[in-house]
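**Student:** Spelled out from the first residue to the last, the chains are:
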Amino acid sequence: MVNSEFKNVKITALSVAIPSGKIPVTSFYKDFGQELVDKFSDMAGVKEIAHTSEKQTASDLGYLAAKNIFESRKVQREDIGVLVFVSQKPDFRIPATSYILQKRLGLSEDIICQDINLACSGFVYGLQNTLSLLKLVPNKKALLITADTSYKTMSPQDRTMIMLFGDSGSAVVFENHEDENSKPFQLAYRTNGYKYKSIITPAGAFRNRDLKPINEVWSDDIIRNDYNTHMKGMAVFEFSITDVPRLINDFYKETQTSSAHYDYFILHQANLYILKQLSRKCKIPFEKIPVSIDRYGNNSSNSIPLVLCDHFSNIEERNLKLFISGFGAGLSWACGTLEITTDAILPIIISDEYFQ
Amino acid sequence: MTDLITYNQIFCEVFSVQENDLNDDFSLETVEKWDSVLQLSLVSSIEDTYDVMFEPEEIMDFTSYKRGKEILLKFGIEIA
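The listed protein sequences derive, respectively, from chains A and B.
This note's numbering applies: residue 1 is where the first sequence begins, and numbers increase by one.
This note's numbering applies: residue 357 is where the second sequence begins, and numbers increase by one.
Treat the hints as calculated values from the structure; they're not laboratory data.
Keep in mind that the hints are not guaranteed to be accurate.
Unchecked claim - Label pairs and their calculated CB-CB ranges: (1) A:Y29 x B:Q374: 20 to 28 Å; (2) A:K321 x B:E388: 42 to 50 Å; (3) A:Q34 x B:R423: 45 to 53 Å.
Where a beta carbon is used, it is the ideal one built from N, C-alpha and C, also for glycine.
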């Protein structure tokens, strides 16, 4: 595994925005039948999800989360020297969405902006990039925005995905500090591009420009076209319960820690059954794994910040020693540790605002 | 030895089929709607019912009515 360590950094503020369009999974009874929907809900743990309107994009949600930080915390826009945007649903092909966000948020020209195309592992990879860039601007702060609207490339008839994914955006501000007693952020990563077809949207970019959006029955008996995202469910499940726990256990070994060393495990909310499997394979008491998938679904790169805002905002101030892990398209997977004071975690905001 | 009826009931509920549809050929290859959601529902129901926890390779291998019985036998559970 590839490792990194970041000393003397801390999370200043963390915010998450979701759209108001709550969809109970029972609303899919008419599409897939009550029996199948109930079985899916029991297994995946999803009771409802939130989807954006047609006009609201991933960056709108990220923007709202960042704006919430600037408006409610003592973070000045001119202090931001790094902006990293992680998403698989950018606003445009050109330019990168981080530049749109720089303008909308009113950030300085003295800034490094970058986009990262990643899904469920995106928060941890985004953390790596953001903190690496923060070293270049020691007197500034860094802003990591993760956001996705996964359902927008899904076939409405894809019973394995359309009920699973929810939309949200997050913003996290990091800063350097001098407290020598603070614990470093330690991160670890693995990648398997040999399985890039496991989660793929085949058309819509430049590899298959000639493909027409023709709806056909695919080998999994689901009607979709090449512009829809396709996930090989069992292959991704196998990856989630073999490669991911292997990385976590290797990380334990490398850092000479165990689940007892962490207050909570903030894990990508892939599905409830996978969370239970990870609990077992990595010897994590299940009560140390906060669950948000029941009310928000799988939120791609936002799972980790969403769980934090869902469970740890508006509570008595305390310092949390967290283990985090994200895993998904690529295939890519990552894990690590960080500390955060609950005071930095803002409550979830709900908004359908979009950029015109 | 344990109740075949319970094992069959789980398959009937998960796949919405009748008991007489079940046989050793009932599998991922022959059942059109056997997808990742239903396979995980099946495995989850079997684990809860028989109070077992499968290894990842057993979960992935649980792809037929017949193979399921063989896997449960490894846990000392004979379906007959």
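**Student:** Evaluate each hint against the coordinates.
**Tutor:** Hint-by-hint comparison with the structure:
1. A:Y29 x B:Q374: 20 to 28 Å: With a Cβ separation near 22 Å, A:Y29 and B:Q374 satisfy 20 to 28 Å, so the hint holds.
2. A:K321 x B:E388: 42 to 50 Å: Given about 48 Å between the Cβ atoms, the range holds.
3. A:Q34 x B:R423: 45 to 53 Å: Between A:Q34 and B:R423, where Cβ atoms are some 29 Å apart, the hint is violated.
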